[in-house]
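Below are the chains, spelled out letter by letter.
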Amino acid sequence: MVEEVKLFRTWSSPYALRIVWALKLKGIEYETIFEDISNKSPLLLRYNPVHKKVPVLLHRGKSISESLVILEYIEDTWKQAPLLPESPYEIARAHFWAKFSDSKLMPAIWHVFLTQGKQQEEAIPPAIEILKIIEEELKGKKYFGGQTIGLADIAFGWMANLLYVLEEITGLKLMNTQNFPSLSAWINNFSDVPAIKENWPPHEKLVTKFQAIREKYLAAGATK
Amino acid sequence: MASLKLIGARPSPYVNRVQFALNLKSLDYEFLVEKFGTKSELLLKSNPVHKKIPVLIHDDKPICESLIIVEYIDEIWTSGPPLLPSDPYDRALARFWAAYIDDKWAPLLRELRTAQEEEEKKRVLDQMFQVLIQLEGAYRQCSKGKAFFGGDNVGYLDIALGGFLGWMKVAEKLIGVRLLDEAKTPALVGWAERFCSHDALKDAVPTAEELLEFAQKHFMAKPPTPN
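For the protein sequence lines, the chains are A and B, in the order given. Residue 224, in my numbering, is where the first sequence stops; the numbers in between run on with no holes. Residue 1227, in my numbering, is where the second sequence stops; the numbers in between run on with no holes.
Since the hints were made in silico from the structure, they are not lab data. Keep in mind it's a predicted model, so treat the numbers as computed, not measured. Hints should not be assumed to be uniformly reliable.
As the list claims (entries may be wrong) - Derived DEER-like restraints, expressed as beta-carbon distance ranges: (1) Phe34/A to Thr1114/B: 39 to 47 Å; (2) Asp192/A to Asp1103/B: 28 to 36 Å; (3) Ser1026/B to Lys209/A: 51 to 59 Å; (4) Arg46/A to Thr1114/B: 31 to 39 Å.
Even for Gly, the Cβ is constructed at its ideal location relative to N, Cα and C.
Could you put together the complete structure from these sequences and hints?
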């Protein structure tokens, strides 16, 4: 009997994309339910009453929310193509870096992206410092986990395309291959993995969407 | 023999979490106390990315971030009841609510501490009660009628929330409002009492006295300076 797996997502959510990647890497069949964030379905509200957000995974009639929690659930449930290493110490490192992506890198990048003028100027050096930390961590490694793609890579995966989208919109280049050789190589290695390559959201659509998000934030800031 | 060191300080809820886990596993460790306001060389060397406590050093390898450390401890020392459940869905629930505590509860405690106006304090308190009501629901769901979030035994989620019990009691003393209230969150009140009287945990929960002293020393507003 096929166990039903359903994923509630939007086409653009980088958090939901993590789940697509994990499911694809493990070869798990699933049904996608696309949500319109401006008009959330009753099912989404029922399955994620606390945060009311995507992604939500539905499996065996139970719902799991929060992308990093879902990734761990997938890893615990389906043992093929493991996303975590064997040793507890390496597992701890994978968790550390996955958390770093969300707690440090994402806010820093958003801060650059959603500001302009002096505010943006001031947001750039801290963002670059964080990218340097990641560059240092990736030295001598193909992926965060070593030779194979893992949880931390999936957590950072949004970087591999969104950085370029945000660059295109703002005209700001936060990193280049010269100053960030390991990070640049990681982006290429990560993007080359078939499960990743085949599932990027369309670039132009992302540019349009994030451009609109930036404009909305800047307008809201201006009226304060 | 494994060498275990914990870099931390008792007033930190995050450090307390690790102490709970170490105690539950009956592990001996050297407690390297960090002085508030300074960062030791060992801390900077062991946690160069965040420069924060707690850091567990096991056989000279550093592990950082309180909940990551708790999970690490659970995976290495497997005698005795596990801290994380074995069922994938129950594990997901524990992780979900632990993340919720870090994302929602911890910032509110900080906001309460720094809130100046009465209006602001009231707003923060209202949000805190909302969070506690959610956690009351989580407790009922996860405990399945038993003593702790983890069931019969103290688990990961008990530890995640338990770290804040010391400060919750002090907050009550400082602002005169009972955060864990029989009327609003009766199940959590019972849970808190059981947690704080648990043999392995009671000495690791900082006392109201020591936290008050810490708060007075480091957090209390200085008298306004004349302009």
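Going through the hints against the structure:
1. Phe34/A to Thr1114/B: 39 to 47 Å: Taking Cβ atoms as reference, Phe34/A and Thr1114/B lie about 41 Å apart, which means the hint holds.
2. Asp192/A to Asp1103/B: 28 to 36 Å: Given range 28 to 36 Å: holds, Cβ gap about 33 Å.
3. Ser1026/B to Lys209/A: 51 to 59 Å: Roughly 53 Å apart at Cβ, these two residues keep to the hinted range, so it holds.
4. Arg46/A to Thr1114/B: 31 to 39 Å: Because 37 Å falls inside the window, the suggested range holds.
Hint compliance for this structure: every hint is met.
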